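Based on the hints, put chain B in the right spot on chain A.
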Amino acid sequence: MAFLSYLISGLGLGSVYAIIALGYSMVYGIAKMLNFAHGDVIMVGAYVSFFAMTVAGVPFAVSVPAAVLVCTLLGMTVERLAYKPLRQASSLAVLITAIGVSYFLQNGAQLLWGSDTKIYPTILPGAVSLFGGQLSVSYLTIVTILTCILIMVCLMLFINKTRTGKAMRACSEDKGAATLMGINVNKIISITFAIGSGLAAIAAVLLCATYPSVYPTLGSMPGIRAFTAAVFGGIGSIPGAFLGGLLLGVIETFAKAYISTQLSDAIVFAVLIIVLLIKPTGLLGHKISEKV
Amino acid sequence: MLKVENLVVKYGMIEAIKGISFEVNDGEIVTLIGSNGAGKTTTMQTISGLLKPASGSVLLDGVDLTKTAPHKIVPMGLAQVPEGRRVFAQQTVAENLELGAYCRRDKEGIRADMENVYELFPRLRERKNQLAGTLSGGEQQMLAMARALMAKPKIMLMDEPSMGLSPLLVKEIFRIIEDINRQGTTVLLVEQNAKMALAIADRAYVLETGKIILEGTGAELAASEQVRKAYLGG
Numbered sequence: 001m002a003f004l005s006y007l008i009s010g011l012g013l014g015s016v017y018a019i020i021a022l023g024y025s026m027v028y029g030i031a032k033m034l035n036f037a038h039g040d041v042i043m044v045g046a047y048v049s050f051f052a053m054t055v056a057g058v059p060f061a062v063s064v065p066a067a068v069l070v071c072t073l074l075g076m077t078v079e080r081l082a083y084k085p086l087r088q089a090s091s092l093a094v095l096i097t098a099i100g101v102s103y104f105l106q107n108g109a110q111l112l113w114g115s116d117t118k119i120y121p122t123i124l125p126g127a128v129s130l131f132g133g134q135l136s137v138s139y140l141t142i143v144t145i146l147t148c149i150l151i152m153v154c155l156m157l158f159i160n161k162t163r164t165g166k167a168m169r170a171c172s173e174d175k176g177a178a179t180l181m182g183i184n185v186n187k188i189i190s191i192t193f194a195i196g197s198g199l200a201a202i203a204a205v206l207l208c209a210t211y212p213s214v215y216p217t218l219g220s221m222p223g224i225r226a227f228t229a230a231v232f233g234g235i236g237s238i239p240g241a242f243l244g245g246l247l248l249g250v251i252e253t254f255a256k257a258y259i260s261t262q263l264s265d266a267i268v269f270a271v272l273i274i275v276l277l278i279k280p281t282g283l284l285g286h287k288i289s290e291k292v
Numbered sequence: 293m294l295k296v297e298n299l300v301v302k303y304g305m306i307e308a309i310k311g312i313s314f315e316v317n318d319g320e321i322v323t324l325i326g327s328n329g330a331g332k333t334t335t336m337q338t339i340s341g342l343l344k345p346a347s348g349s350v351l352l353d354g355v356d357l358t359k360t361a362p363h364k365i366v367p368m369g370l371a372q373v374p375e376g377r378r379v380f381a382q383q384t385v386a387e388n389l390e391l392g393a394y395c396r397r398d399k400e401g402i403r404a405d406m407e408n409v410y411e412l413f414p415r416l417r418e419r420k421n422q423l424a425g426t427l428s429g430g431e432q433q434m435l436a437m438a439r440a441l442m443a444k445p446k447i448m449l450m451d452e453p454s455m456g457l458s459p460l461l462v463k464e465i466f467r468i469i470e471d472i473n474r475q476g477t478t479v480l481l482v483e484q485n486a487k488m489a490l491a492i493a494d495r496a497y498v499l500e501t502g503k504i505i506l507e508g509t510g511a512e513l514a515a516s517e518q519v520r521k522a523y524l525g526g
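So the protein sequences, as listed, match chains A and B.
The C-terminal residue of the first sequence carries number 292 in our numbering, and the numbering is unbroken.
The C-terminal residue of the second sequence carries number 526 in our numbering, and the numbering is unbroken.
Possibly wrong hints are sitting among the right ones.
Listed below are the simulated BS3-like cross-link pairs for lysine-lysine, each with C-alpha atoms no more than 30 Å apart in a straight line [unchecked claim]:
1) A:K32 - B:K364
2) B:K399 - B:K463
3) B:K521 - B:K503
4) B:K521 - A:K175
5) B:K420 - A:K175
6) A:K84 - B:K364
7) B:K344 - A:K84
Have a look at the derived ranges for each label pair, beta carbon to beta carbon [what the hints assert, rightly or not]:
8) A:S90 - B:S327: 30 to 40 Å
9) A:A270 - B:K420: 44 to 54 Å
10) A:I99 - B:D398: 43 to 53 Å
11) A:R87 - B:K364: 11 to 21 Å
12) B:L351 - A:L111: 24 to 34 Å
13) B:Q382 - A:R87: 37 to 47 Å
14) B:K420 - A:L92: 48 to 58 Å
15) A:K187 - B:Q382: 13 to 23 Å
16) B:E517 - A:I96: 55 to 65 Å
17) A:P65 - B:R403: 45 to 55 Å
18) A:I273 - B:Q475: 35 to 45 Å
19) A:T281 - B:R397: 32 to 42 Å
These aren't lab readings, by the way, just hints derived from the structure by calculation.
All values reported here derive from a predicted model rather than from experimental measurement.
Ideal placement from N, C-alpha and C gives every residue a C-beta, glycine not left out.
Looking at chain A on its own, in the form it has when it is part of the complex:
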């Protein structure tokens, strides 16, 4: 029963990683850049929903769309101001810029809201009791997992069925050819950042509901873990980010429960290294083979 309980909490944690990893992976797939500031967008989302509830006094359900809106605009603004001018620059220049944006957001948050840890209000307390009380699953974990699945399904439908989604896939393969179809590549990149950042806000509230502390570097660790998850699943692949996130959450939880809390990160990265040695493109990533 303990096993099942660890598995479920691992899936809950993994769901949050998966939602963040989706943002990383989509942006990488389309803009071909690692947006290292993605984790800090989560932090901004956390502060927005925190202040919406504590200062503005709105209910949790209203604070979520507020956080999504602010993060979406933030993501688009960052892309427009920091990354778009570097479209023709080397990938190293873009990477360094992304790290710069990350520090900018962290220090901006510290300046605006202070470096002290704020306690996020308790959301959705309580748990369901199963098997005559032997297994208890919190409502929050259930909501987190369901949210992740819902996001995944919506995103797949969007990518595969809508006109904009198909244009996104075209851009991820060949931006020049996409332009020749009449696709506005800049607009597609902007939409991708908007979606990724909106998802980061959702991840932020789920994360803070589980680990209720809000501070300026809050996004760093989940950001790095989610980046790992995206690479694990195959960066650029949406189902890959989903699978990578869930697996990472489960592996981390099992490692903490059965092996060692201190070594859990080392174990997670050891698994990543082994996977990449066997399959360098990640679990669901595929190498593009070109025929001439």
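Frame of chain A, contents of chain B only:
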């Protein structure tokens, strides 16, 4: 229809196109021939907006394309079949064709044109649910042409459509280019295969290291001593 005037294109300090002028009239097949590195692909990419020229203009029905955002050029009636085909390998044949019609909103018209291109390229109908990356080189070329047709262009730019294909397929591709032209689409064709290109062209230009050195009808150039020596193997 298309008028290129004093076009200069630079890659950094290097002038790849050194002030060329040419035009394509309604209903014509015009070809630009020249050896590797003459600037053919650069010219094509500048017309379709992927490259910005240092100076000069590209007029499509009087509108300067060099001042137009690249994604707005397709709806103006210009489609390009790029060098190396550049089909979307991870999407199906049908999805590639839909992307060709990205700028159009007339669902009925798109469906009818899809039917037309399948008539023109029966192989694509057989493979419509297959990923484009799994097609043979010849089939990918057909897909790239079909995809451009889906934009319902007034003028179609084709960059080296015969590259890397077997002689039999090359003949097939050129027959289809003539078909497309007969159905009312103006064609600007860039080719290394000068013999085939001159045979179907109304008019032709010879491009050498960024300059136009000769022009005339297809037949005139095919008969010219200079062209025969340099491009037709004696």
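Hint by hint, here is what the structure shows:
no.	hint	verdict
1	A:K32 - B:K364	holds (24 Å)
2	B:K399 - B:K463	violated (33 Å)
3	B:K521 - B:K503	holds (18 Å)
4	B:K521 - A:K175	violated (39 Å)
5	B:K420 - A:K175	holds (23 Å)
6	A:K84 - B:K364	holds (19 Å)
7	B:K344 - A:K84	holds (18 Å)
8	A:S90 - B:S327: 30 to 40 Å	holds (32 Å)
9	A:A270 - B:K420: 44 to 54 Å	holds (45 Å)
10	A:I99 - B:D398: 43 to 53 Å	holds (47 Å)
11	A:R87 - B:K364: 11 to 21 Å	holds (18 Å)
12	B:L351 - A:L111: 24 to 34 Å	violated (53 Å)
13	B:Q382 - A:R87: 37 to 47 Å	violated (23 Å)
14	B:K420 - A:L92: 48 to 58 Å	violated (42 Å)
15	A:K187 - B:Q382: 13 to 23 Å	holds (21 Å)
16	B:E517 - A:I96: 55 to 65 Å	holds (58 Å)
17	A:P65 - B:R403: 45 to 55 Å	violated (39 Å)
18	A:I273 - B:Q475: 35 to 45 Å	violated (58 Å)
19	A:T281 - B:R397: 32 to 42 Å	holds (37 Å)
Checked against the numbered hints above, the structure breaks hints 2, 4, 12, 13, 14, 17 and 18 and satisfies the rest.
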